[in-house]
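In order, the protein sequences belong to chains Z and S. Just so we're aligned, residue 2 is where the first sequence starts under this note's numbering, counting upward by one. Just so we're aligned, residue 2 is where the second sequence starts under this note's numbering, counting upward by one.
Any copy will do: because identical chains look the same in the list, a pair fits if it lies in one copy or spans two.
With a cut-off of at most 35 angstroms between alpha-carbon atoms, the simulated DSBU-like pairs for lysine-lysine come out as follows:
{"id": "1", "residue 1": "K384", "residue 2": "K291"}
{"id": "2", "residue 1": "K145", "residue 2": "K291"}
{"id": "3", "residue 1": "K132", "residue 2": "K160"}
{"id": "4", "residue 1": "K145", "residue 2": "K160"}
{"id": "5", "residue 1": "K384", "residue 2": "K132"}
{"id": "6", "residue 1": "K132", "residue 2": "K145"}
In short, the hints are calculated from the structure, not lab data.
Protein chains: 2
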Amino acid sequence: MKQIEDANQEALRRMLAADPVLVDVLPAAQVIPELTDRMILHAGPPIDWERMCGPMQGAVMGIAVFEGWAPDLETAANMAAEGAFEFHPNHHFDAVGPMTGMTTLSQPVMIVENRTFGNRAYCTINEGLGKVMRFGGNDDEVLKRLAWLRDVLGPAMGKALGAGDGLPLKSLVARGLSMGDEMHQRNVACSGLTLRGLSPAMAETANDTHDLAEALAFVAGNDQFFLNIAMAMGKAIMDPVRGIEGSSLVTAMSRNGTDFGIRVSGTGDTWFTAPVEMPEGLYFPGFTEKDANPDMGDSTIVETIGLGGFAMGAAPAVAGFVGAGAASGAANFTRTMGEITVGENPEWTIPALDYLGVPTGIDIRLVVETGLAPSINTGIAHKEPGVGQVGAGVVRAPMGCFRQALETFAESVGVS
Amino acid sequence: MKQIEDANQEALRRMLAADPVLVDVLPAAQVIPELTDRMILHAGPPIDWERMCGPMQGAVMGIAVFEGWAPDLETAANMAAEGAFEFHPNHHFDAVGPMTGMTTLSQPVMIVENRTFGNRAYCTINEGLGKVMRFGGNDDEVLKRLAWLRDVLGPAMGKALGAGDGLPLKSLVARGLSMGDEMHQRNVACSGLTLRGLSPAMAETANDTHDLAEALAFVAGNDQFFLNIAMAMGKAIMDPVRGIEGSSLVTAMSRNGTDFGIRVSGTGDTWFTAPVEMPEGLYFPGFTEKDANPDMGDSTIVETIGLGGFAMGAAPAVAGFVGAGAASGAANFTRTMGEITVGENPEWTIPALDYLGVPTGIDIRLVVETGLAPSINTGIAHKEPGVGQVGAGVVRAPMGCFRQALETFAESVGVS
Numbered sequence: 002m003k004q005i006e007d008a009n010q011e012a013l014r015r016m017l018a019a020d021p022v023l024v025d026v027l028p029a030a031q032v033i034p035e036l037t038d039r040m041i042l043h044a045g046p047p048i049d050w051e052r053m054c055g056p057m058q059g060a061v062m063g064i065a066v067f068e069g070w071a072p073d074l075e076t077a078a079n080m081a082a083e084g085a086f087e088f089h090p091n092h093h094f095d096a097v098g099p100m101t102g103m104t105t106l107s108q109p110v111m112i113v114e115n116r117t118f119g120n121r122a123y124c125t126i127n128e129g130l131g132k133v134m135r136f137g138g139n140d141d142e143v144l145k146r147l148a149w150l151r152d153v154l155g156p157a158m159g160k161a162l163g164a165g166d167g168l169p170l171k172s173l174v175a176r177g178l179s180m181g182d183e184m185h186q187r188n189v190a191c192s193g194l195t196l197r198g199l200s201p202a203m204a205e206t207a208n209d210t211h212d213l214a215e216a217l218a219f220v221a222g223n224d225q226f227f228l229n230i231a232m233a234m235g236k237a238i239m240d241p242v243r244g245i246e247g248s249s250l251v252t253a254m255s256r257n258g259t260d261f262g263i264r265v266s267g268t269g270d271t272w273f274t275a276p277v278e279m280p281e282g283l284y285f286p287g288f289t290e291k292d293a294n295p296d297m298g299d300s301t302i303v304e305t306i307g308l309g310g311f312a313m314g315a316a317p318a319v320a321g322f323v324g325a326g327a328a329s330g331a332a333n334f335t336r337t338m339g340e341i342t343v344g345e346n347p348e349w350t351i352p353a354l355d356y357l358g359v360p361t362g363i364d365i366r367l368v369v370e371t372g373l374a375p376s377i378n379t380g381i382a383h384k385e386p387g388v389g390q391v392g393a394g395v396v397r398a399p400m401g402c403f404r405q406a407l408e409t410f411a412e413s414v415g416v417s
Numbered sequence: 002m003k004q005i006e007d008a009n010q011e012a013l014r015r016m017l018a019a020d021p022v023l024v025d026v027l028p029a030a031q032v033i034p035e036l037t038d039r040m041i042l043h044a045g046p047p048i049d050w051e052r053m054c055g056p057m058q059g060a061v062m063g064i065a066v067f068e069g070w071a072p073d074l075e076t077a078a079n080m081a082a083e084g085a086f087e088f089h090p091n092h093h094f095d096a097v098g099p100m101t102g103m104t105t106l107s108q109p110v111m112i113v114e115n116r117t118f119g120n121r122a123y124c125t126i127n128e129g130l131g132k133v134m135r136f137g138g139n140d141d142e143v144l145k146r147l148a149w150l151r152d153v154l155g156p157a158m159g160k161a162l163g164a165g166d167g168l169p170l171k172s173l174v175a176r177g178l179s180m181g182d183e184m185h186q187r188n189v190a191c192s193g194l195t196l197r198g199l200s201p202a203m204a205e206t207a208n209d210t211h212d213l214a215e216a217l218a219f220v221a222g223n224d225q226f227f228l229n230i231a232m233a234m235g236k237a238i239m240d241p242v243r244g245i246e247g248s249s250l251v252t253a254m255s256r257n258g259t260d261f262g263i264r265v266s267g268t269g270d271t272w273f274t275a276p277v278e279m280p281e282g283l284y285f286p287g288f289t290e291k292d293a294n295p296d297m298g299d300s301t302i303v304e305t306i307g308l309g310g311f312a313m314g315a316a317p318a319v320a321g322f323v324g325a326g327a328a329s330g331a332a333n334f335t336r337t338m339g340e341i342t343v344g345e346n347p348e349w350t351i352p353a354l355d356y357l358g359v360p361t362g363i364d365i366r367l368v369v370e371t372g373l374a375p376s377i378n379t380g381i382a383h384k385e386p387g388v389g390q391v392g393a394g395v396v397r398a399p400m401g402c403f404r405q406a407l408e409t410f411a412e413s414v415g416v417s
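Please model the complete structure; the sequences and the hints are all you need to start from.
Structure representation (structure tokens):
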């Protein structure tokens, strides 16, 4: 149908025209005014306390203590069960969050502005690896780190960004793709490029060289630092693609650890959900698939814009990390995702594939037709609250979301 | 001959056992006590003023003004012609230098220690791209930058390195190979990893945040910053491989812009030379091959240890930069160099080639037998003094060096 092709071309045009720039870091409440006391934004489609998985419940307990809403984790859990907290998806407030994806009023969020369309998107700062809140960690070490991000690193980044014109992300990601990153499970290059971009201004605006040294060491020591920036970028790119009548392109994929949800441009902000799947991957020493929580997080916004599993061909080294077979086979993931997308990104190319653009614009019709669900590179959380990351792997988006979405979409364009 | 195989295995063992660490930055005169007034170390095998190419003469003129030995460039040239300066190869003083490779007493040198063998090697700090002394530049802008490297960046790096245990380079290069660097014409990743490694300590030891910001910005803005570190590393790795009786492995390849010279383990410190060749490559806008100086610099120490042209398969993006054909063909360079080397480096591997180790240990017998000369990725200088870099390309080491070396080597092992 020409109406659908035209709508999808317009959606693709908006994706490719995006100009995402990291512009500031500010407390969440300052940029999301609706974010008030005892309100918690989480990853994925809407969910209530009872249906939340272990790590998300663990993160809720931890963030309630962090925000001073509960004196300890147990009280926090009881309060949550009694309905003391209001839960909403990040996606409903221009935000995204990795894994459990907790966003609350006092946390600093990085702000990515899409300069072509004027919209902004938000994501908290990446905490590093291991026992961290996004993987369900909630002890003193985790909360202390969050306080340092709030009090030291967040303000330092905000000051540095405010001193210049922001950090343009489109070209930074283009470089990252030529340096082995796919921006979901491998962000070594982009994290380094971010440090290159920010460190001079961080030095110029520093009050205290010891705090500065700690801030630089934190960014330098966190190979996944860029993930959260990539996510805010993904949200900033996709938000202007929402609500194009007749477009069958996916505008968001997201999971809360219980449900996987997608949104499609032509069907507005409706979530189409199905139970999340279990990643297949590799586990850190001492853990097995028995410890694993199913798939979780807003980070699939990265695949939605053609990176992550879609850009695996750029990142042969990640194939081994996520247990996806031989490094030389990484290109196959990218080529396969080309079968469910409507275009390629001419500015985000993969040198080893002779500058093939990353597959861009997931068409739910192609997904259902081919039976090829989007392939996602993901971290794996322990299923119990309070433990943290136990591995990394590859997971498929559940086909159920796409079938449901296609039904509703077909009705919307009058071909049911 | 078993004697030769054994000697080459010992040479290879020493190469692979090396543990190069960037440990300090100090004025050259402090670490090379022989380096006195009016003495100039240069790239390549020995050469006198009359036979020096244009850019090397230009660099000599510039460094003489920089060191205060001459009031202006013209006087410096006259003094050089009258024999006022003493010229020696960097290689004779544990040093290496890119392109023209000027090393003089007041310049800061980076010190790489090979912790396995206890030896040290030196290289000046990379000046950035464009009009710089290593490409024959010698005006005020060039000399001002050298003064800043001497007065600000060198001491800042030295202090930062002194505050810790140095920057281990073996693992850093291993990461760089998984991030698209070959460490000769592409050092984007390793330069970033160096900034990651040094910036926290640079902040911790900074006196002045403005100077610090400038220092970080200089490193962050120079994609070739790591080249000079890679070169000092190469020299530190290869020096303990010198003088192994019966070994036919190359211990140094180097060019002064007029002659290409190699040294072979079993024949000691003799240089075997032949006229340098002209790189085939791509030129910056406004320049053509008519402007180009032939091949120059000590940087071929990088190919001597299995990187640069030998590791092209790790760096598909560099293929286009040096005009070496399709990105997907980069692996062929690495595979071909495997035919003239005696081993692979199990710690320096290329993910896209399913973790093939870089080809290591150039055997002059294999070079002469196969007719395959080592393939080198190189920058191209303008042939006139004072201009700078005009392009980048690929060049072959001249076969004449290897044939001569093989003759002498054969005599030394009694099979002439």
